[in-house]
Amino acid sequence: MLDQQTQTGQAVQSPENTAGNPLVDGGVKVAARNANVYYGSKHAIKDVSLDIAPNEVTAFIGPSGCGKSTFLRCLNRMNDIIDICRVTGDIRLDGEDIYDRKVDVVQLRARVGMVFQKPNPFPKSIFENVAYGPRIHGLVSNKDELEEVVTTSLERAGLLNEVQDRLESPGTGLSGGQQQRLCIARAIAVSPEVILMDEPCSALDPIATAKIEELIDELRQNYTIVIVTHSMQQAARVSQRTAFFHLGNLVEMGDTETIFTNPEHKLTQGYITGRFG
Amino acid sequence: MKPESGTINTPTQKMRATLRRRYAAERRFRAYGIIAILLALAMLVTLFVTIVGNGLGAFVQHTVRLDISIYPQDIDPENETDLEALARANYQSLVNDALYSLFPDATTRRDRKDLRALISPDAKFVVRDMVLDDPSLIGQRVSIRVPLASEFDQVLKGNVDPAVDFRAMREGITEIPWSLPAGERLISDAQAGYLQQLMRQGEIEGSFNRWFFTNGDSRNPETAGIWGAAVGSFFTLLVTLALSFPIGVAAAIYLEEFAPKNRLTDIIEVNINNLAAVPSIVFGLLGLAVFLQFFGLPRSAPLVGGMVLTLMTLPTIIIASRAALKSVPPSIREAALGVGASKLQCIFHHVLPLAMPGMLTGTIIGMAQALGETAPLLMIGMVAFVVDVPGSPIDPATVLPVQIYLWADSPERAFTERTSAAIMCLLGFLILMNAVAVLLRKRFERRW
Chain A
1 MLDQQTQTGQ AVQSPENTAG NPLVDGGVKV AARNANVYYG SKHAIKDVSL DIAPNEVTAF
61 IGPSGCGKST FLRCLNRMND IIDICRVTGD IRLDGEDIYD RKVDVVQLRA RVGMVFQKPN
121 PFPKSIFENV AYGPRIHGLV SNKDELEEVV TTSLERAGLL NEVQDRLESP GTGLSGGQQQ
181 RLCIARAIAV SPEVILMDEP CSALDPIATA KIEELIDELR QNYTIVIVTH SMQQAARVSQ
241 RTAFFHLGNL VEMGDTETIF TNPEHKLTQG YITGRFG
Chain B
1001 MKPESGTINT PTQKMRATLR RRYAAERRFR AYGIIAILLA LAMLVTLFVT IVGNGLGAFV
1061 QHTVRLDISI YPQDIDPENE TDLEALARAN YQSLVNDALY SLFPDATTRR DRKDLRALIS
1121 PDAKFVVRDM VLDDPSLIGQ RVSIRVPLAS EFDQVLKGNV DPAVDFRAMR EGITEIPWSL
1181 PAGERLISDA QAGYLQQLMR QGEIEGSFNR WFFTNGDSRN PETAGIWGAA VGSFFTLLVT
1241 LALSFPIGVA AAIYLEEFAP KNRLTDIIEV NINNLAAVPS IVFGLLGLAV FLQFFGLPRS
1301 APLVGGMVLT LMTLPTIIIA SRAALKSVPP SIREAALGVG ASKLQCIFHH VLPLAMPGML
1361 TGTIIGMAQA LGETAPLLMI GMVAFVVDVP GSPIDPATVL PVQIYLWADS PERAFTERTS
1421 AAIMCLLGFL ILMNAVAVLL RKRFERRW
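Sequences listed follow chains A and B, in order. The numbering of the first sequence is our numbering, which starts it at 1 and goes up by one. The numbering of the second sequence is our numbering, which starts it at 1001 and goes up by one.
If you are wondering where the hints come from, they were derived from the structure by calculation, not from laboratory data. There's no promise every hint is true.
Straight-line distance between alpha carbons at most 20 Å, and here's what the computed PhoX-like set of lysine-lysine pairs gives [unchecked claim]: (1) A:Lys143 with A:Lys124; (2) A:Lys266 with A:Lys46; (3) A:Lys124 with B:Lys1442; (4) A:Lys102 with B:Lys1113.
Counterexamples of contact, computed for chain A against chain B with all Cβ distances above 10 Å [claimed, not checked]: (5) Gly27; (6) Tyr39; (7) Lys46; (8) Asp94; (9) Leu160; (10) Ala189; (11) Lys211; (12) Asn222.
Anything over 10 Å on all C-beta distances counts as not near chain A; from chain B, calculated [what the hints assert, rightly or not]: (13) Phe1029; (14) Val1045; (15) Gly1202; (16) Ser1331; (17) Glu1334; (18) Val1387.
For glycine and all other residues, C-beta sits at the position ideal for the given N, C-alpha and C.
Based on the provided sequences and hints, a complete structural model is requested.
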């Protein structure tokens, strides 16, 4: 469907149940069409269709329980580990169906990295935390290369200066913000194409949050980033496109500026002006 | 609606009234707790005092010094100096000769019989072992300490009639304090006289009972030891550990991480929990029927004992290991899966190291249970009277708790104190194992 559209050069039309422009012209990194998620009998995500453009930050906002985290976790199949979870529809990474039987989920997760709500470094040294990914994927062939990868990743995550002289100390001994940046370094060490961030700043203080936001903006040069956030200010600050979820529906999606200044849908308007949420 | 003065109706006053009751309840509850702990402590102290009071005597054994002439014509007439021939030689006559020479007056059969009963029937083995260790002693006159027979040892320890005071005897007190009439005495007047004479000459001494720690079981309490049972216990636990740890951990990992959640795994789970409560003798019967009758494995062997105890400890290990796996925070799994670790890598690199302390604790608790287990081992013949120290897991052996059971069943007075001493050793091992468990847990524990 997606291929046909790009081949024929037709104008992209938004799916009927979503306001704004959930689909984009031009390059698409991740594309979802009629995605549904069920937890047992609960219908958690209803017919969501959207596009995520490369080298952009896409923010998912919405009230608690609206399904934004659930949908995010579909993008690297993290929902697979929940037994009762079932996903239908079509989710493609670079045009390839990630729920296809032939797709190796391990490889997929190497391409689509993830940073979680609560910083969760391994109870190992800082070095080991970052080195783990490249090592299990066989991305490095010797110790020097590994050190190189670890240093670059820590540097990109803006953590190198703070931990340079104590790479062997435990990652769990860092402060909350540093731990979260360590988790980001760990994610980018395997050179993913997409990084999913599930409320990465919800456990952090404002200064640590500011650092992470700065970092997200820098990382956009090299990676496609999808971020779930509860803070509308954060969405406005870091993202280029924003999607608003409500009760499992994708209510509206579009350029962040449009969403926050001139939303089409009543619900979006209510949410961003703080009338509910 | 103004509050009247003098009645309790302001919130603070109401609160103060209930507060007193709340504090009283707290004090009462604390008192119950202290009483419970004191009761438990009192029982524990009683137990320890009884066992130690009974068992401490077993670590001392009275010995007689004998000057033994090791004549080559007696033990090595053909001058072979072959160890096997030496082992078979008649050492009893050497011991008897040395004994008779101490009491030249005892010439009648009856006197000599009384005299021989004074020292342990196993004295000949003590002499034999000395000669086997150093064959150059042949032809020499050596001074050696041999154990006193247990009846006389008990007399000197003050446990049986006549309960003599060892120190008073040494100082030459002549009166022997008989409390029973002549017909009911365990030792004869003549024997009491010999004992007294030996004491006066300073030939008898109470010293550390090395036989208790180096010998296997024996019919004679004075040379009966726990070493055979301790080695049997060691081999049994080795087999148990080697089988139950890998099987238990593998089963726990599969059930917790890989098994689909369906009716079958539910049934398996319920059955494992039930198995933990099955009386241990049932496992013994199963071992008898399956391992001995069907597979024809050797009777009384630590190998089979270990296999039976494996069946018994498996549920404990599986339940503890599953609990340990469950307690690993899901964020660690997500982190590992998030960077693209496969399920197996996630488990072995991250979940297992964090669950290890819990698994080890469960395993050591299971091992401690196995160390103290008696009933199932009775069924597979580990209750046999085994004198030799086992050299491998397929040699006939017994284990510490069974040894305690055997000794507790023996009529000799001296076995009473040895029973308590063996209990002390078993408790010592258990405390040691628990200490190891704590150390391992500390060593492997990681913070997150």
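Taking the hints in turn, this is what the structure says about them:
1. A distance of roughly 18 Å separates the Cα atoms of Lys143 of chain A and Lys124 of chain A; the hinted pair therefore holds under the 20 Å criterion.
2. Distance restraint check for Lys266 of chain A and Lys46 of chain A: the Cα-Cα separation of roughly 19 Å lies within the 20 Å cut-off, and the hinted pair is therefore satisfied.
3. Taking the CA atoms of Lys124 of chain A and Lys1442 of chain B, the gap is about 16 Å. The hint holds against a cut of 20 Å.
4. Distance hint between Lys102 of chain A and Lys1113 of chain B is unfulfilled; the C-alpha atoms sit about 93 Å from each other, more than 20 Å.
5. Against chain B, the non-interface label of Gly27 of chain A holds: every CB pair exceeds 10 Å, the least being about 24 Å.
6. The Cβ of Tyr39 of chain A sits about 15 Å from the closest Cβ of chain B, beyond the 10 Å cut-off, so the non-interface label holds.
7. Distance check on Lys46 of chain A: its Cβ is at least 25 Å (rounded) from any Cβ of chain B, clearing the 10 Å threshold; non-interface status holds.
8. Every CB of chain B lies more than 10 Å from the CB of Asp94 of chain A, the least distance being 17 Å, so the non-interface label holds.
9. For Leu160 of chain A, the shortest C-beta to C-beta distance to chain B comes to about 19 Å, beyond the 10 Å cut-off, and the non-interface label holds.
10. For Ala189 of chain A, the non-interface assignment is contradicted: its Cβ lies about 8 Å from the closest Cβ of chain B, within the 10 Å cut-off.
11. Here Lys211 of chain A stays apart from chain B, with its beta-carbon at least about 21 Å from theirs, past the 10 Å limit.
12. Against chain B, the non-interface label of Asn222 of chain A holds: every CB pair exceeds 10 Å, the least being about 17 Å.
13. The claim that Phe1029 of chain B is not at the interface with chain A holds, since no C-beta of that chain comes within 10 Å of its own (minimum 37 Å).
14. With a closest Cβ-Cβ approach of about 42 Å to chain A, Val1045 of chain B is found to remain outside the 10 Å limit, as its non-interface label requires.
15. For Gly1202 of chain B, the shortest C-beta to C-beta distance to chain A comes to about 67 Å, beyond the 10 Å cut-off, and the non-interface label holds.
16. Listed as a non-interface residue, Ser1331 of chain B fails to keep its Cβ farther than 10 Å from every Cβ of chain A; the least gap is roughly 4 Å.
17. Against the 10 Å criterion, Glu1334 of chain B falls within the reach of chain A, whose nearest CB is about 6 Å from its own CB.
18. With a least CB separation of 53 Å from chain A, Val1387 of chain B remains clear of the 10 Å interface cut-off, as annotated.
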